[in-house]
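For chain A, the structure is supplied; the task is to place chains B and C on it using the hints.
If you're matching them up, the sequences are chains A, B and C in order.
Start counting the first sequence at 0; every next residue gets the next number (numbering that gives the first Met the number 0).
Start counting the second sequence at 0; every next residue gets the next number (numbering that gives the first Met the number 0).
Start counting the third sequence at 0; every next residue gets the next number (numbering that gives the first Met the number 0).
Simulated from the structure, these hints should not be mistaken for laboratory data.
This structure is a prediction, so every number in the text was calculated from the model and none was measured.
The beta carbon of each residue, even a glycine, is placed where N, CA and C say it ideally should be.
It is possible that some hints are incorrect.
Stated by the list, open to error - Label pairs and their computed distance ranges (CB to CB): (1) A:V140 - B:Q194: 47 to 53 Å; (2) B:G21 - A:V63: 45 to 51 Å; (3) A:W39 - B:G21: 26 to 32 Å; (4) B:S18 - A:F218: 39 to 45 Å; (5) A:V140 - B:Q222: 56 to 62 Å; (6) C:T302 - A:S95: 45 to 51 Å; (7) C:Y64 - A:P255: 31 to 37 Å; (8) C:I95 - A:P46: 26 to 32 Å; (9) A:T270 - C:Y64: 38 to 44 Å.
As the list claims (entries may be wrong) - Facing chain C, from chain B, some residues (calculated, C-beta under 7 Å): (10) M57; (11) A87; (12) R90; (13) M96; (14) F98; (15) A103; (16) L105; (17) V108; (18) A118; (19) L121; (20) P124; (21) Y153; (22) H155; (23) S158; (24) H215.
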Amino acid sequence: MAQPLGAGGRSFDAEGVSVSQPTAAPADARGARVGVRRVWRRFARNPGAVFGLAVFLGIVAMAVLAPVLAPYDPLAQGVGKPLEGPTFAHWAGTDSFGRDIMSRIIYGARVALVVGLVAVALAMVIGVTLGLISGYYGGVVDVVIMRVMDGLFAFPIIILAIAMMAVMGFGVRNVIIAVAVGFIAPFARVTRGDVLAVKEEPYIEAARLAGVGSLAIIFRHVLPNVLAPIIVQGALRVSGAIITESGLSFLGLGPPPPTPAWGRMIAEGQTFIVMAPHVATIPGIALMLAIVALNLLGDGLRDTLDPRMRR
Amino acid sequence: MTGSEPVLDVRDLTVEFSSEDGPLRAVDGVSFRIRRGEIVGLVGESGAGKSLTSEAIMGLIRRPPGRIAGEVWFGGRDLLTLDEPALARIRGKDIAMIFQNPSASLNPVFRVGDQMLEAMALHLPEPRAALRERVVETLGRVGISSPRARARDYPHQFSGGMAQRVMIGMGISCVPSLLIADEPTTALDVTIQAQVLALIRGLARELGVAVLLVSHDLGIISQMCHRVLVMYAGRVVEEASVATIFRAPAHPYTRGLIECLPRLHGNGRLGAIAGMMPGLRALPSGCRFHPRCPIAEPRCAAEAPALRPLATDRAAACHLAGVS
Amino acid sequence: MVRFVVSRIGQTLAVLFTVSVIIFALMRMIPGDPVLMRLGDDFTQEAYERLRTQLGFDRSIATQYLIWIRDVLSGDLGDSFLNHERVAKLVLDAFIPTLTLVVASVIVGLLIAVPSGIIAAMRKDSAWDYGSMGFAIFVYSMPAFWKGIVLIWIFSVYLGWFPAMGYVHPWTDLSQGLWRLVLPAVTLGTFFSGLVARIIRSSLLEVLDQDYIKAARARGVRQAALVYRHALANALIPVVTVIGLQFGTLLGGAVLTETVFAIPGMGRLSVSAILNRDYSVVQGAILVGVFAVVVVNLLVDLTYAFLNPRIRVA
Numbered sequence: 000m001a002q003p004l005g006a007g008g009r010s011f012d013a014e015g016v017s018v019s020q021p022t023a024a025p026a027d028a029r030g031a032r033v034g035v036r037r038v039w040r041r042f043a044r045n046p047g048a049v050f051g052l053a054v055f056l057g058i059v060a061m062a063v064l065a066p067v068l069a070p071y072d073p074l075a076q077g078v079g080k081p082l083e084g085p086t087f088a089h090w091a092g093t094d095s096f097g098r099d100i101m102s103r104i105i106y107g108a109r110v111a112l113v114v115g116l117v118a119v120a121l122a123m124v125i126g127v128t129l130g131l132i133s134g135y136y137g138g139v140v141d142v143v144i145m146r147v148m149d150g151l152f153a154f155p156i157i158i159l160a161i162a163m164m165a166v167m168g169f170g171v172r173n174v175i176i177a178v179a180v181g182f183i184a185p186f187a188r189v190t191r192g193d194v195l196a197v198k199e200e201p202y203i204e205a206a207r208l209a210g211v212g213s214l215a216i217i218f219r220h221v222l223p224n225v226l227a228p229i230i231v232q233g234a235l236r237v238s239g240a241i242i243t244e245s246g247l248s249f250l251g252l253g254p255p256p257p258t259p260a261w262g263r264m265i266a267e268g269q270t271f272i273v274m275a276p277h278v279a280t281i282p283g284i285a286l287m288l289a290i291v292a293l294n295l296l297g298d299g300l301r302d303t304l305d306p307r308m309r310r
Numbered sequence: 000m001t002g003s004e005p006v007l008d009v010r011d012l013t014v015e016f017s018s019e020d021g022p023l024r025a026v027d028g029v030s031f032r033i034r035r036g037e038i039v040g041l042v043g044e045s046g047a048g049k050s051l052t053s054e055a056i057m058g059l060i061r062r063p064p065g066r067i068a069g070e071v072w073f074g075g076r077d078l079l080t081l082d083e084p085a086l087a088r089i090r091g092k093d094i095a096m097i098f099q100n101p102s103a104s105l106n107p108v109f110r111v112g113d114q115m116l117e118a119m120a121l122h123l124p125e126p127r128a129a130l131r132e133r134v135v136e137t138l139g140r141v142g143i144s145s146p147r148a149r150a151r152d153y154p155h156q157f158s159g160g161m162a163q164r165v166m167i168g169m170g171i172s173c174v175p176s177l178l179i180a181d182e183p184t185t186a187l188d189v190t191i192q193a194q195v196l197a198l199i200r201g202l203a204r205e206l207g208v209a210v211l212l213v214s215h216d217l218g219i220i221s222q223m224c225h226r227v228l229v230m231y232a233g234r235v236v237e238e239a240s241v242a243t244i245f246r247a248p249a250h251p252y253t254r255g256l257i258e259c260l261p262r263l264h265g266n267g268r269l270g271a272i273a274g275m276m277p278g279l280r281a282l283p284s285g286c287r288f289h290p291r292c293p294i295a296e297p298r299c300a301a302e303a304p305a306l307r308p309l310a311t312d313r314a315a316a317c318h319l320a321g322v323s
Numbered sequence: 000m001v002r003f004v005v006s007r008i009g010q011t012l013a014v015l016f017t018v019s020v021i022i023f024a025l026m027r028m029i030p031g032d033p034v035l036m037r038l039g040d041d042f043t044q045e046a047y048e049r050l051r052t053q054l055g056f057d058r059s060i061a062t063q064y065l066i067w068i069r070d071v072l073s074g075d076l077g078d079s080f081l082n083h084e085r086v087a088k089l090v091l092d093a094f095i096p097t098l099t100l101v102v103a104s105v106i107v108g109l110l111i112a113v114p115s116g117i118i119a120a121m122r123k124d125s126a127w128d129y130g131s132m133g134f135a136i137f138v139y140s141m142p143a144f145w146k147g148i149v150l151i152w153i154f155s156v157y158l159g160w161f162p163a164m165g166y167v168h169p170w171t172d173l174s175q176g177l178w179r180l181v182l183p184a185v186t187l188g189t190f191f192s193g194l195v196a197r198i199i200r201s202s203l204l205e206v207l208d209q210d211y212i213k214a215a216r217a218r219g220v221r222q223a224a225l226v227y228r229h230a231l232a233n234a235l236i237p238v239v240t241v242i243g244l245q246f247g248t249l250l251g252g253a254v255l256t257e258t259v260f261a262i263p264g265m266g267r268l269s270v271s272a273i274l275n276r277d278y279s280v281v282q283g284a285i286l287v288g289v290f291a292v293v294v295v296n297l298l299v300d301l302t303y304a305f306l307n308p309r310i311r312v313a
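Just chain A, with the same shape it has in the complex (with noise of 0.2 Å):
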């Protein structure tokens, strides 16, 4: 599928993303040192991507220290009056089963965060090496490649979850595979496109001519030049994976019960919103403040990263 053009020439993907290209200056170990504090600096001018950086991390803790924070067992029923709203005992209430809803929050944050986390890595790995051989050898292989990219592409990440679940059956290793294999496309593409710019500049050409194997020219040049905006891609793809996630848990494709997972707690909640609204919107609230912080922290990436790299 074309890239548009706006107004101005420039170039929006699948998300309205600003696609940018590469530094004309070659990264090297010592530049990057430095480069990484100028980075931070820069960073941490933009309040929304602290703010957005430190509830993500805040998430991860939370996820790590579930068995000290949590103050309930996520599993045990009837610790708690079923369906009753938040109290002093329960902040979060309770749901059908008596189980307290704040602890099974507080677990959920594992199976968002490892499906958010590990399917966009993987997604990464796979995506970037693909668009790295893609831009770099060009030809058929590129060819190929992107057709099929395309072609995965045109699918809607949750249809192609829903249909890769339909083979694979459910389960978080499953939705981990299905939501990884949904975003190979953009990393291969977003990396391609860069490689491709990147490809023409002279430091590139000099290290063939000084017979460095296309291997090292890859991993050793190319890579970090095309570093900065895969590294914008993904974190930005990490809010898309936990949104995907629980999309899927929603619909009862995701990790089976009893295993708490935001997704399937707000679908659960939804039988009694009339009763006990709680069950159902408290935790879609952990959700969007996760989802809202990985959003303001991958914008505050890409505008940090992005200017030095178009200017």
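What follows is chains B and C alone, placed relative to chain A:
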């Protein structure tokens, strides 16, 4: 050529912007007049403040963040005191402006003829059908062949030179008293340049349009202008007729500029002015040119020279003006 | 322009081919023997062999694919395993409500995003700007299904203004149809608006910076005309493309929203088909859904080419 009242009378024009390092004065106390049919050149390096001066006259500078002081007298009114709707009535009608990149000056999604029609409809009371004829006639007058068909084309179908003719056509269609041309030929080939400049010269000569020609190219200035103002770091440093400026420049900067021009006969070396024009955040004390000036004295660093008249129609801002 | 159209159509066909291969491959990977499943309790070796040949499973994979494609192109998507209805009919019946929801959401989204984006751009860095962009991020980040439930809680349970579930075709009964569409369309539409508002804002800001706006102002064009005619005409063009790109996401969102509001669309159809192992339906639904996304993208690209004079009049 001389009318008694100047068409444009700029007095002490100052343009200032706020920044983290304090207020920056990009244009500092610029004054000049242009008479009917006169072509006045505004010369200087990039960043000297020439474009900002012309944009300030047209009221194109957003304020805030810019702050503009001084007076710009045109048609009996101070343009700087007018509000946006009043300015809009003058723009395109009494004062026209053409810019450096003509292809970028036209809206890419509208047909060229429609854009010209819009401009005319804003200022001329005639019915649309009559205006449409005017559009075709104007395009023909500025030398565009098959004007009726070309009016239905889009800007990207016009070359740079053609586009600049269109801009000039749009500018003069309402017969303005003043034309401001900001680097009108910088983006064009030399051959096209000559044609566009001839067009402008014809306007001044035949229609009596006063022209403010902004350029960094001394060659164009020498061909086109009656009088020249030399700007440096936001200030006018010399003002004289074209002949005088090139024959006997008074200010060391002007002298340096002219010496930089490649000559057919000479010792084969290109002159240069050492150093660079200072950025607005690091302006030197006293005379702004003194760090690069070959004849600077201690007085020059301490006291900023005012623009002093040296003779009729001649002024320079230098303590040592006239010293060769 | 012609060249562009031809190349885009060619690209679309290539993508459709790849998509069909992916779907075909996925369906073939489902564990279990489909012939056995169909026979169920009536298993005899002879019946098995006969059905196998009848269904074409004795041919090569490539041939099976071609047969499937031939069937698809002639409108035959097979039969539902469960109730023996034609899959094509089931999918089409389900697709229409989904499409209606998506269209309504796009309309709602644009109605919110366009003014919001314009105001944010015109009053850049003001409270309006931060407020509306903050709101945009907010609604964009809310998971659609949760937002739907919250909206039901507020507007249906608490205020009683709108129904919590159900669907009626707007062309069958306009008032009923629209009334039932409000909450689901707002759910999905606000998500869409969050995205589009930001794009409009940045697109408009970029356009306002362009030389041709300055030149137009120098010709005496008034502020209102500058923004609403000159600038918007350029700024809105990329938005068209975004709509196309987001159609897939919207379709995915519709799948979830339908579940919340009990709309009999593709979402409900696919999920129940999966849970009931009715694979022909799953295959048909996904095929139609993805084909729709690809076709919409093509249409949007062609619309963009038409709107952009640089492509339309080469």
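**Item:** Residue hint P124 (chain B), partner chain C, criterion CB-CB below 7 Å
**Value:** violated (14 Å)
**Asked** In this structure, is the beta-carbon distance linking V140 (chain A) and Q194 (chain B) contained in 47 to 53 Å?
**Response** This hint holds: roughly 52 Å between Cβ atoms.
**Asked** Can the suggested window of 56 to 62 Å be confirmed for the beta-carbon pair V140 (chain A) and Q222 (chain B)?
**Response** holds (58 Å)
**Message:** Holds or violated: the hint that Y153 (chain B) contacts chain C, with Cβ atoms closer than 7 Å.
**Reply:** The hint holds - Y153 (chain B) has a Cβ within 7 Å of chain C, the shortest such distance being about 4 Å.
**Asked** Is the interface hint for L105 (chain B) satisfied, with its Cβ closer than 7 Å to some Cβ of chain C?
**Response** Nearest chain C Cβ about 6 Å off; hint holds.
**Request:** Given the range 45 to 51 Å, decide if the beta-carbon distance of G21 (chain B) to V63 (chain A) lies inside it.
**Result:** holds (49 Å)
**Asked** Against chain C, with CB atoms and a cut of 7 Å, does the hint on M96 (chain B) hold up?
**Response** With Cβ-Cβ at 4 Å, under 7 Å, it holds.
**Message:** Quick check on A87 (chain B) please, does its C-beta sit within 7 Å of some C-beta on chain C?
**Reply:** Nearest chain C Cβ about 5 Å off; hint holds.
**Prompt:** Hint check: is the beta carbon of R90 (chain B) less than 7 Å from a beta carbon of chain C?
**Reply:** holds (4 Å)
**Asked** Given H215 (chain B) as an interface hint, is the shortest Cβ-Cβ distance to chain C below 7 Å?
**Response** Not OK, violated: H215 (chain B) not within 7 Å of chain C, min 18 Å.
**Message:** For the restraint on A118 (chain B), tell me whether the closest CB of chain C is nearer than 7 Å.
**Reply:** With a closest approach of 5 Å, the A118 (chain B) hint holds.
**Item:** Evaluation of the interface hint that places L121 (chain B) against chain C, nearest CB under 7 Å
**Value:** holds (5 Å)
When the structure is compared with the earlier hints, violations turn up for hints 8, 20, 23 and 24 and for no others.
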